[in-house]
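Student: Now for the letters of each chain:
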Amino acid sequence: MRYASPLKMDRQLVLGSALAFFAACTVERAAPDLRGQDVRLTILHTADIHSRLVPYRFAPGSIDQALGLDPTRCHSATYCPGFDMTNPSRCDCDFGGIARIATIIKRERSHAARSLHLDSGDAFEGAPIFNVFAGEAEFRTLSALGLDAAALGNHEFDKGATNLELQMRKWAAYPILAANYNFYDSKDPSAPKLGTLVQPFVIFNVDGVKVGVIGMGNISSLESILYGGNTLGVQPMDTRQTIQYHVNVLRGQVDVVIVLSHLGLDEDEGVAASMILPDQNQEAALDGVDVILGGHLHIVLNPPKIIERVDATGKVTGRTILAHSGAFAKYVGRLDLVVHMTEDPQKTRSYVKTFDYQVFPVDGTVPPDADVENILEPYVIAANRNLDLTREFGEIPGPSKVVRNDPSGGDSQLGNLVTASMRFRQGVEADFAVTNSLGIRADFEVGPLNTEQMYNVFPFDNTIATVFLSGDETQEMFNFVARKTADRGCRTQAQVSGVWFDLVCSDPQKGPHAENIFIGDHCGHCRPPTDPGYDPNGTCRCAPLNPFGSYKVAVNDYIANGGSGFIVLQRNTTKFNTGISLRDAMIDYIDTSIPPCQAAACQALCPNSGVDSACYRACESKACIDAAAEPHDGRINIVFR
Amino acid sequence: MRGAAVLLVALLACVEQKGPVRSGAQSIHLNITAPQSLGTRDQPLQSRNVTFDVDLIGPDGKVVPVDRDLELYTWFLGTLGRNLGPAPSDLSRCRGVLPAPIHVTQGSAKNISVTLPLAYGPVNLWLEDCHDPGASWAVGASDPLWFPYPTIQNVQQPLDLATFDYRIFADSPLENKQVQIDTSPGGQMVVTSVFAQFYTVTDTGLSSFSSLDVYSFSKPRVQVGDVIVGQSLTGAISEFVGMTELNFPLQRIDVAHSPAPLPPPVQMTIADFNYGADAAKAARLESLEASVVELRDGCVCPADSSYDQFQEWKLAFKTTTGNYNCGRNYSMTMSTAGVVVGWDPPQAGRHVQVARGVLVNLAGLASKTSGNPFSFFVLHPRNSSTLPAGTPPDLVDAGDTCTPM
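These protein sequence lines are chains H and R, in that order. The first sequence begins at 1 in our numbering and counts up one residue at a time. The second sequence begins at 1001 in our numbering and counts up one residue at a time.
Just so you know, the hints here were simulated from the structure itself, not pulled from any lab data. Quantities reported herein were computed from a predicted structural model and do not represent experimental measurements. Positions of the beta carbon are idealized from the N, C-alpha and C atoms, including for glycine. A portion of the hints provided could be inaccurate.
Stated by the list, open to error - Pair by pair, the computed Cβ-Cβ distance ranges are: (1) H:P508 - R:T1321: 41 to 49 Å; (2) H:Y351 - R:P1101: 24 to 32 Å; (3) H:Q235 - R:P1185: 48 to 56 Å; (4) R:P1302 - H:S220: 41 to 49 Å; (5) H:N386 - R:R1095: 54 to 62 Å; (6) R:L1362 - H:P508: 46 to 54 Å; (7) H:P345 - R:H1257: 39 to 47 Å; (8) R:D1067 - H:P345: 33 to 41 Å; (9) H:A31 - R:D1143: 41 to 49 Å; (10) H:Q346 - R:L1159: 46 to 54 Å.
Excised from the complex, chain H in its bound form (with noise of 0.2 Å):
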């Protein structure tokens, strides 16, 4: 075999290396003149992904239907395979799923002159994914999409600013962008060093199009950078000066200007108007910003806001379209603008025209998009082996599922079956417990219930915690809850078992308050007659609350720290956190509490099968969470007045 000298194999790569370069770069062509024109620029969009990496069983309510989230479109042999018409609701169609979003980005790519693809934040949490890898598969799947950049969410600090930062420098490989936060310039070298990876912002040159986007993080459900010396090392800045500062700093170098916010609507409408009531702020509007793209709430706004800004004497002085497009991967979002170029950047500015927003469904219809979906395959075999993730143990026969919101606004089924879990616990054995309804995450569906969906649904890695409160400061508890609860349209933020009050939401004289505190089970019969949650049937035989009792009380971890604004557990000295997992807790207790399917609800499970059926067998070895078991029962009674 002969080989090259190295002298003579070194002249030839350069010579390919030049060729090659100056073969490339024919390519390139001038800047394209867009002096006067309208241009488009289009913008995908998703948000609060929260590791739903993998398609997810789920049935869409009406708003989900109204935004083209139709269970029907999946109910055939393609889309599922085994699906029998004559039990519609077993078929397991799925949603979400990270390689069918990655099919839609590049499918409506491909149908834009100009696309940048952002993403609101939140990519964190939600799934079993994240528990097992820390969000490495998150950040590894968005980049292999080409994400172009994403806000930095609340959730991506779950477990710990220097997690964040590990994943961050090994797996993003796009910019993440948090203007409003000033992160500590630690010089202790164990201290997270985000500061060095989360960016103000980023300017995009779109094939002649350049745009700006300011990076929002979230701070009203980050309550812990608050605080001085928080362990994440984030200080918060104010959020229309930051905005300002960087629209100022922006504004003449670019078109375009769009704030990437997971701050939350009420914020970002704040952001984009002033003078909305006149009890908020009258400063002057801000001025500058073309679009705000959104998270954190879950929401879909179709079609987007459009926010007029005005001035003190009403006059309208400019406009910011708002649009926020879902959560945990069931949509993609798609915003055209239509840019009106500056014929003389020195003179006037470059607007947006007009807009056109879309939303797609990521349903069983869409297919997997393969290169994203070989990254995701070993993280998904093992999770499955890592969690167990298949293993059913329990049974929603329906036909209503187990919701973690009542209708009444007052206690909920599954609240009420968490919190039992919690309070009868083997080493926790309260006299009530209390946890925030915002940490059960979704609904129990109808159909089995396996690993997979406890993850879901809590996918947080809290504990149980024991804390020993007096009577007064079980009372502060709960009015603490029902001032929250009348801030968000008088949906208790708290489920409860042990424990039964009127969350009294108005009260001209004393504000939202709670009132007439039982501490047993079944105390309705206990609230005065004239209560609207008054049992006539029974005896009493709860104790009201003692103002100098003392009461052991199952929360958990999150609001035993002050998570949710609970202060008065924060402040307490007697916590204990058991470390039992509350995911574990709930599991146990399905399994060992709640008693199996019935022959009748089997019989409506398995229509086609007989007693010996897997179907069948399966079915009478899970438990059977129906309509009787921890049922709303007005524990925690909404009252106005």
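On the provided structure of chain H, position chain R as indicated by the hints.
Tutor: Chain R only, in chain H's frame:
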């Protein structure tokens, strides 16, 4: 090794520098030639006839001499309408399915005349090159043509009352639009009720279809009697079980004129609700959606399954024979739970002198497949503490008893 590094650098550099493939049109120039004035917010257009010229512009800023079919839409209130008509569907827009209305020859088309559909606020004509194979996806939009903003009546009133489907009561012509609502001439938009998750507003200058339900999800940031500034009330219109709603609202309060006197409640009898197959009668009920109405002389019925399920109870009114009848045609469904103190659970036989409240209709199809319509009305009395001082309560007890049947 060194050579490999050079190669890598060279390739990287060229990948960085390489621009996207660009050919054909990159922009569409749409120039309106008539009318000469496009109107303003304060002086909107009346005529809907528009004439315009079109040029396809290439990367060099010059007209591209190609023949193309272009798709034409109108944009108003936040969404596109297909071919000057209803909103495009995912399956028809830019799929080459429907004929494209605009043909350009050698890159240009002149003196194209169209008549715009009913449209409100600023309207853009929107042209795009997405119809033919090898589309450039270039787009162009006209400067805005200004038309009057919609009033509550424009949101609520079906376009054609003659074909109004009274079985399902879901017929807002602006459904799925992001509306910006103006006050009618001489009227005021007054907040008439505030509940935990929604409020209602009535335009006092309108004689019918004058009220709207504004669903805020969280506690509304308005008070009963507040006057809302014209054109400041914005949100998306949707039909929720037959009820027209404005969702995700924003509004500004006219502090100088608030609180304003509340419009008087609409006096009704239970017979007004028995529309049967009478479309005109049903249309009147539709026109009163979200209004405050008043009924007199009722009798509380015993709680039934709807109380167990929805915490709603029935108020019976007299038949021609003088009996209080709890049947469907003589009773009104009442919703007081969590709002009005002292009326839950219902005390059968309680005689009600006056029952006022916001009128909500719930209607639709029982399921997509059955096609069976359902429809009934619910009266939502307001919490007294939300009403201005001196306003009588919505539910007034007559002080004696009655016998519901």
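Student: Does each hint hold? Answer for all of them.
Tutor: Hints, verified against the model:
1. H:P508 - R:T1321: 41 to 49 Å: holds, 43 Å
2. H:Y351 - R:P1101: 24 to 32 Å: holds, 27 Å
3. H:Q235 - R:P1185: 48 to 56 Å: With a Cβ separation near 53 Å, Q235 (chain H) and P1185 (chain R) satisfy 48 to 56 Å, so the hint holds.
4. R:P1302 - H:S220: 41 to 49 Å: holds, 47 Å
5. H:N386 - R:R1095: 54 to 62 Å: Violated - the Cβ-Cβ distance for N386 (chain H) and R1095 (chain R), about 45 Å, lies outside 54 to 62 Å.
6. R:L1362 - H:P508: 46 to 54 Å: violated, 30 Å
7. H:P345 - R:H1257: 39 to 47 Å: holds, 44 Å
8. R:D1067 - H:P345: 33 to 41 Å: holds, 34 Å
9. H:A31 - R:D1143: 41 to 49 Å: violated, 26 Å
10. H:Q346 - R:L1159: 46 to 54 Å: holds, 48 Å
Violation of the numbered hints given earlier is confined to hints 5, 6 and 9; the remaining hints are satisfied by the structure.
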